[in-house]
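Protein sequence lines correspond, in order, to chains A and B. Numbering of the first sequence is given in the numbering used here, commencing with residue 1 and proceeding in unit increments. Numbering of the second sequence is given in the numbering used here, commencing with residue 1 and proceeding in unit increments.
It is possible that part of the hints are untrue.
Stated by the list, open to error - Covered by chain B, per the in silico footprint, the following chain A stretches (three or more residues, Cβ under 8 Å):
1) 12 to 19
2) 24 to 37
Said to hold, decoys possible - Partial list, computed: chain B residues near chain A (C-beta under 8 Å):
3) 34
4) 59
5) 76
6) 78
7) 134
8) 138
9) 153
10) 155
Read the hints as simulated data drawn from the structure, not as lab findings. What you are looking at is a predicted structure, and each value in this text was computed from that prediction instead of being measured. Note that CB positions come from ideal geometry on N, CA and C, so glycine has one too.
Chain by chain, the residues:
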Amino acid sequence: MFNNLIARAIVPITIAVTGFVVFGCLLLYTFIKSDMTDEAVLHVDNLAETVSKSARYAMMQDDRESLRNIVGNVGTLAEVGQIRIYDQGGTVRFSGQPDETEPGSAEAVVDPWASQMMQPDYPERTKTHHNIGGDSGLIAVSIPILNEAKCSTAACHFHSADEPVLGFLTLGISSEPLEKTLDLLRSRMIIFCVMVLFLSIGGVAALLRMNLFLPILRLTYWVKQAVEGANAKDLPKVDHKLGSLERDFRQLVQQRDNALQGWQTTGSSQSDTGNGSALDSRIGTDDAGHRTATATGPGQNP
Amino acid sequence: MPDIEPLRQQVQAKIRKLELLSSSGLWILAMFTAVSIGASRDFDFLPNFSDDIHKMLGSAPPTNFINWALVLYGFSAIIMVLTQMTGSKRPRGAFAHFGYLSAFYAFYHFSGDLAENLWAIFTVGMTILSLQGYHVWNYYKDKVREEQEILAELNKLLED
Numbered sequence: 001m002f003n004n005l006i007a008r009a010i011v012p013i014t015i016a017v018t019g020f021v022v023f024g025c026l027l028l029y030t031f032i033k034s035d036m037t038d039e040a041v042l043h044v045d046n047l048a049e050t051v052s053k054s055a056r057y058a059m060m061q062d063d064r065e066s067l068r069n070i071v072g073n074v075g076t077l078a079e080v081g082q083i084r085i086y087d088q089g090g091t092v093r094f095s096g097q098p099d100e101t102e103p104g105s106a107e108a109v110v111d112p113w114a115s116q117m118m119q120p121d122y123p124e125r126t127k128t129h130h131n132i133g134g135d136s137g138l139i140a141v142s143i144p145i146l147n148e149a150k151c152s153t154a155a156c157h158f159h160s161a162d163e164p165v166l167g168f169l170t171l172g173i174s175s176e177p178l179e180k181t182l183d184l185l186r187s188r189m190i191i192f193c194v195m196v197l198f199l200s201i202g203g204v205a206a207l208l209r210m211n212l213f214l215p216i217l218r219l220t221y222w223v224k225q226a227v228e229g230a231n232a233k234d235l236p237k238v239d240h241k242l243g244s245l246e247r248d249f250r251q252l253v254q255q256r257d258n259a260l261q262g263w264q265t266t267g268s269s270q271s272d273t274g275n276g277s278a279l280d281s282r283i284g285t286d287d288a289g290h291r292t293a294t295a296t297g298p299g300q301n302p
Numbered sequence: 001m002p003d004i005e006p007l008r009q010q011v012q013a014k015i016r017k018l019e020l021l022s023s024s025g026l027w028i029l030a031m032f033t034a035v036s037i038g039a040s041r042d043f044d045f046l047p048n049f050s051d052d053i054h055k056m057l058g059s060a061p062p063t064n065f066i067n068w069a070l071v072l073y074g075f076s077a078i079i080m081v082l083t084q085m086t087g088s089k090r091p092r093g094a095f096a097h098f099g100y101l102s103a104f105y106a107f108y109h110f111s112g113d114l115a116e117n118l119w120a121i122f123t124v125g126m127t128i129l130s131l132q133g134y135h136v137w138n139y140y141k142d143k144v145r146e147e148q149e150i151l152a153e154l155n156k157l158l159e160d
């Protein structure tokens with residue numbers, strides 16, 4: 001199969017186009033996924049920053065009711081999956097789900113990724129942390145609530161000035177919309193990929209067949225006909241798709257016909273003069289046709 | 001008439017060697033598949049480098065740079081193999097491609113984004129190595145055919 005001219009032409013094109021289109025689509029999907037995830041992280045960062053800024057005054061005033069309302073109201077947003085404010089020890093003080101902080105209720109479970117940074121000896125305690133693609137199905141951020149000069153000197157507070165972190169705000173938005181968009185993108189990309197493959201491979205195959213393979217197959221058929229004894233006038237007209245090849249072949253057959261005709265004429269005249277045996281001895285020689293073709297003159301041999 | 005038996009044996013040995021070479025593309029493909037299976041497990045069967053070696057190697061390049069390098073490499077490698085095929089040149093560089101692709105796996109592994117980009121490297125690797133393998137197979141099969149013709153002529157001479 002692979003010795004076939006058609007297979008030799010089509011297989012490399014198929015491998016190269018298929019491979020590169022699939023590779024391109026995979027990489028493009030990775031790029032888009034990364035960009036969209038970055039966008040979602042930026043969004044959750046902004047949201048957490050907004051909550052932090054809006055809750056700052058309530059924290060400074062130790063207005064727990066206002067703080068509870070702010071957190072509770074943000075928690076009602078459809079996209080917000082989780083909002084919590086922890087103290088330094090990692091206990092949930094305020095939550096978007098009020099039952100987590102109600103007296104007597106079981107203590108809310110701290111996410112494993114967040115619990116690590118709440119350890120007192122954790123070196124990056126004062127930095128913002130993200131959690132993407134966790135088991136919770138949330139794109140979450142944890143920002144530390146830092147101690148400020150005003151805070152450590154406020155009468156209502158009991159934090160000492162050397163405590164850098166007073167608590168943590170964690171906020172998570174559902175990653176479901178992002179995953180749905182990526183699923184949609186993936187299915188569209190697969191459809192687009194299949195279409196490109198069909199068009200490129202089909203188009204190349206059709207062009208090759210029309211402009212190269214069919215003329216070659218036709219020429220092969222003519223050659224076979226000529227070998228089996230067909231005359232030049234029996235061959236179909238040339239269409240120049242293979243350049244001068246078809247015309248040259250036709251001329252070769254024409255020359256052969258002329259040579260054969262000339263040889264037959266010469267042979268018959270010689271047999272008339274009694275030299276038939278000498279002619280017969282020349283029939284099997286390789287250059288018989290050449291000699292007779294030369295005998296026909298330059299007009300017959302352009 | 002000189003003894004042509006040694007020449008005949010020489011041609012037969014050459015045919016055997018060429019037939020062996022014609023399947024070398026498949027061996028490289030198999031090796032790449034094995035490395036890819038290892039990559040899909042994040043090379044968990046290999047021992048971890050010590051902190052000293054990590055320090056010596058330095059931090060991994062950003063994933064975005066590796067992605068663009070992979071695109072550039074994939075495109076150039078496919079064009080290079082197609083050019084070799086068009087020019088009917090002796091196939092070269094299969095091991096180099098295998099090395100480059102393994103290096104991409106290593107870079108993604110150290111940057112921590114191997115799982116995300118595994119299929120992209122696998123696809124481009126299979127494309128390049130399949131093309132290369134196809135070229136190797138065709139090239140050496142043509143050579144085998146040439147040698148077989150010579151062998152047939154020699155056999156004819158022996159019979160005469």
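How the hints compare with the structure:
1. 12 to 19: holds (count 5)
2. 24 to 37: holds (count 7)
3. 34: With a minimum Cβ separation of about 19 Å from chain A (threshold 8 Å), the hint on residue 34 of chain B is violated.
4. 59: Violated - the Cβ of residue 59 of chain B stays beyond 8 Å from chain A, reaching only about 17 Å at its closest.
5. 76: Violated. Min distance 12 Å.
6. 78: Check passed: Cβ of residue 78 of chain B comes within 5 Å of chain A, closer than 8 Å.
7. 134: 6 Å, holds
8. 138: Since chain A brings a Cβ to about 7 Å from residue 138 of chain B, closer than 8 Å, the hint holds.
9. 153: 19 Å, violated
10. 155: 22 Å, violated
Checked against the numbered hints given earlier, the structure breaks hints 3, 4, 5, 9 and 10 and satisfies all the rest.
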